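Using the sequences and the accompanying hints, generate a full structural model.
As given, the protein sequences belong to chains A, B and C, one line each in that order. Numbers 119 to 248, taken from this note's numbering, label the letters of the first sequence in order. Numbers 6 to 132, taken from this note's numbering, label the letters of the second sequence in order. Numbers 142 to 240, taken from this note's numbering, label the letters of the third sequence in order.
Since the hints were made in silico from the structure, they are not lab data. Just so you know, these numbers come straight off a predicted model, no measurement behind them. Quick reminder that beta carbons are idealized off the backbone N, C-alpha and C, glycines included. Be aware that one or more of the hints could be misleading.
[Stated by the list, open to error] Label pairs and their in silico Cβ distance ranges: (1) A:Q239 <-> B:T68: 28 to 36 angstroms; (2) C:A207 <-> B:G69: 37 to 45 angstroms; (3) A:P171 <-> C:G166: 21 to 29 angstroms; (4) B:Q99 <-> C:G166: 23 to 31 angstroms; (5) B:E105 <-> A:N190: 48 to 56 angstroms.
[Claimed, not checked] According to the in silico footprint, chain A covers these stretches of chain C (three or more CB under 8 angstroms from chain A): (6) 179 to 191; (7) 231 to 240.
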Amino acid sequence: MKFTIQVNEGPYTHQASDSAYQFTKAALEKGHEIFRVFFYHDGVNNATRLTTPPQDDRNVVNRWSELAEKHNVDLVVCVAAAQRRGIADADEAKRNGKDADNIAPGFRISGLGQLIEGGIQSDRLVVFGD
Amino acid sequence: MSEEMMGGDIKKFMYVNRKAPHGTVYALESLEVVLIGAAFEQDVSVVFMDDGVFEIVKGQDTTGIQTKNFSNTYKALEMYDVEKLYVAKESLEQRGLTEEDLIVDVEVKTAAELGALMEEQDVLLSF
Amino acid sequence: MLHTVNKSPFEKNSLETCLAHAAEGSAILLIEDGVYGALNGGVFAGKMKDAMGKFTLYAMGPDLKARGIADKVLDGVKVIDYAGFVDLACENDKVQAWL
Numbered sequence: 119m120k121f122t123i124q125v126n127e128g129p130y131t132h133q134a135s136d137s138a139y140q141f142t143k144a145a146l147e148k149g150h151e152i153f154r155v156f157f158y159h160d161g162v163n164n165a166t167r168l169t170t171p172p173q174d175d176r177n178v179v180n181r182w183s184e185l186a187e188k189h190n191v192d193l194v195v196c197v198a199a200a201q202r203r204g205i206a207d208a209d210e211a212k213r214n215g216k217d218a219d220n221i222a223p224g225f226r227i228s229g230l231g232q233l234i235e236g237g238i239q240s241d242r243l244v245v246f247g248d
Numbered sequence: 006m007s008e009e010m011m012g013g014d015i016k017k018f019m020y021v022n023r024k025a026p027h028g029t030v031y032a033l034e035s036l037e038v039v040l041i042g043a044a045f046e047q048d049v050s051v052v053f054m055d056d057g058v059f060e061i062v063k064g065q066d067t068t069g070i071q072t073k074n075f076s077n078t079y080k081a082l083e084m085y086d087v088e089k090l091y092v093a094k095e096s097l098e099q100r101g102l103t104e105e106d107l108i109v110d111v112e113v114k115t116a117a118e119l120g121a122l123m124e125e126q127d128v129l130l131s132f
Numbered sequence: 142m143l144h145t146v147n148k149s150p151f152e153k154n155s156l157e158t159c160l161a162h163a164a165e166g167s168a169i170l171l172i173e174d175g176v177y178g179a180l181n182g183g184v185f186a187g188k189m190k191d192a193m194g195k196f197t198l199y200a201m202g203p204d205l206k207a208r209g210i211a212d213k214v215l216d217g218v219k220v221i222d223y224a225g226f227v228d229l230a231c232e233n234d235k236v237q238a239w240l
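Here it is, written out as structure tokens:
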């Protein structure tokens, strides 16, 4: 099966990102394809490389980056939601006159169309949120 | 269920809105998905249930709280060929609202009818 | 259809709304704080027992264990893991998340 996963909440405050990660990992282990993981609303906050969680807790951002690297998972952050919340890559930072970018490895910023495309192209869309 | 067509599926997309506007961002950002999604020419339905019915109440004025008033944008959905707007009957009644209180034309459906509609969809998005 | 409920019925009406809309024969999976809906003592137990006549109820094992209620699950609710969640998503034609 081909899955698109939608993550509506940021790291730590809600369990949504954790549940989405565990589901995505389990799906990959079963040999399914992850078409895309789309981060919307506060979910874009999963894509900042500036987190320093306590050593004795999971690193939510790095976990996603590692999944992207190991399994070539497409992690997409909605550009409109990212602009509202201050998640930017180098291009976005330059385009919007910001003096820094903060996107974590493995994530890319793109439009809401990527979510709709995920719904069209995938067999299942699974939403994690609050 | 929609039938797969050669070289381009049209899928039935349903957007499920259950949250009130302004207290959280979900109403605004889900509307943005509907508007962008309209360009993909799928078979779109939008449902307002539970506190989601408050999203389309008339007479919203956000000047005092200084946030964006996006309620008029629901009227633009028609221009985007998003015409299937459904409202949960029980949710309206529980909140003392009628269709007259709403900013757009909707079809009022019972829980059973909405449940059946949901079964017909291919993709369900929640916010 | 697979329905997921991730909030406690004591906090939000998501479980209640799910039960009101799910078609007979649906699978309903409680995850995250939604697993509190599977408690065997408490005001929702009766409603959940009735629901078993219409739906197949599941609860996420890791979420039950995390919350210390794995031994308080209503009889008849099937406890599964993330692999089971993936299987359910495949076996049902689509997934609706009641947030």
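Hint by hint, where does the structure go against what was stated? Just the numbers, ascending. 1, 3, 6
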